[in-house]
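Participant: Residue-level listing of the chains:
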Amino acid sequence: MKQFLSFIVVAALGVLIVLSLQGNALFVEYGDIRVADRISQQFIDRDVNGANSGVEFGESVDLESGPANIVTSIVADYRSFDTLGEITVLFISSLGVALLLATSKAKRMELDFHPNFMLKVGSRALFGIILMTGVFIIVHGHLTPGGGFPGGTMIASSILLLYLADDEFRTKVKSFKVLESIAGSLYVIIGLVGLFVFDYFLINFLDNGILGELVSSGIIPIVYVLIGLKVGSEISGIIDHFLTEEAM
Amino acid sequence: MMLVSVLELILGIFIVVLAFLAINVKSLIKTVMFLSAMSMLSVLAFVMMHAPDVAVTEAVIGSGLVTSLFVFTLLSVRKVERKQ
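In the order they appear, the protein sequences are chains A and B. Letter by letter, the first sequence follows residues 1 to 248 in the numbering used here. Letter by letter, the second sequence follows residues 1 to 84 in the numbering used here.
Where hints are given, some of them may not hold.
Stated by the list, open to error - With beta-carbon atoms standing in for the labels, derived distance ranges: (1) Asn24(B) to Leu101(A): 26 to 32 angstroms; (2) Lys26(B) to Asn24(A): 48 to 54 angstroms; (3) Thr73(B) to Lys174(A): 20 to 26 angstroms; (4) Val80(B) to Ser175(A): 27 to 33 angstroms; (5) Leu28(B) to Leu100(A): 17 to 23 angstroms.
As the list claims (entries may be wrong) - Cross-link-like lysine-lysine pairs, in silico, BS3-like; alpha carbons within 30 angstroms at most: (6) Lys177(A) to Lys120(A); (7) Lys174(A) to Lys107(A); (8) Lys79(B) to Lys172(A); (9) Lys26(B) to Lys120(A).
Keep in mind that the hints were calculated from the coordinates and are not lab data. Here the structure is a predicted model, which means the values were calculated and not measured. Every residue, glycine too, gets a C-beta built ideally from N, C-alpha and C.
If we strip away everything but chain A, and leave its shape as in the complex, we get (with noise of 0.2 angstroms):
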């Protein structure tokens, strides 16, 4: 019986939504859509298909869009705006997590093993190298395949790797929320300089340089950083409340 009426309710939910969506004018049928009026006009304006001949990495100068990675330049270029609202899920995520179990009491949970001597030493060492190339998928998001988001979260690993192989170890949380609060305010800043003091909200207007070039895409590998940043210290800020949750 409750499964029949369960049934029956889904599919009068179902038959609204088919008619709600019927003539609507927000869901103009495929092809009759108005692009102007929900994409910024200076994407619609962009020509994929004329002024750019040839692509010579190394040598094409001032692209459509800088990045030599196709897929930084979808994320962080064409749908940028997309991906401010990612980390924004992201900052949600955390915040839950810190809601839930952050304690003031703050102390470590107690894991069934103890690291010895051995691995305290050398997890400094790997502690380092895991850094880097999380530093490095950063930079280099706009030339090669990684960015802000793995980056970030490599970051986060190498102080996974501190906390597993010291018992005691903790980081400046304090600090990791400064970070997180100033890069996240940054990329917003970025995208307002572009609404005021240029014509759209989160426009590349820098110079996008040569193709290929370390220094270049304008402000992609600035932001690509800053989402680094942000994403590190937020997945850094989720693992020590993780491991310092207070067990009732």
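Use these hints to put chain B onto chain A, whose structure you have.
Facilitator: Quick look at chain B alone, frame taken from chain A:
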């Protein structure tokens, strides 16, 4: 080309087998390990599909971070159970 197709098929079968094992094994720690192995194999699958950006992200987040958070949660739950 034939060799890559065979490897992709084997990889897909392994991923499905690991997913099946993850939901059928009784021990939670084994479930976490099977999920981690599945993430690692999906990294290989992404590389074979020429998606290195997604492969890097899956390797760091799926195989590393999520696995460690699951293990921490299991350890914490175990401590609570032991206290009661």
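Participant: Hint by hint, note whether the structure agrees.
Facilitator: Outcome of the hint check:
no.	hint	verdict
1	Asn24(B) to Leu101(A): 26 to 32 angstroms	30 angstroms, holds
2	Lys26(B) to Asn24(A): 48 to 54 angstroms	50 angstroms, holds
3	Thr73(B) to Lys174(A): 20 to 26 angstroms	25 angstroms, holds
4	Val80(B) to Ser175(A): 27 to 33 angstroms	31 angstroms, holds
5	Leu28(B) to Leu100(A): 17 to 23 angstroms	20 angstroms, holds
6	Lys177(A) to Lys120(A)	26 angstroms, holds
7	Lys174(A) to Lys107(A)	15 angstroms, holds
8	Lys79(B) to Lys172(A)	26 angstroms, holds
9	Lys26(B) to Lys120(A)	33 angstroms, violated
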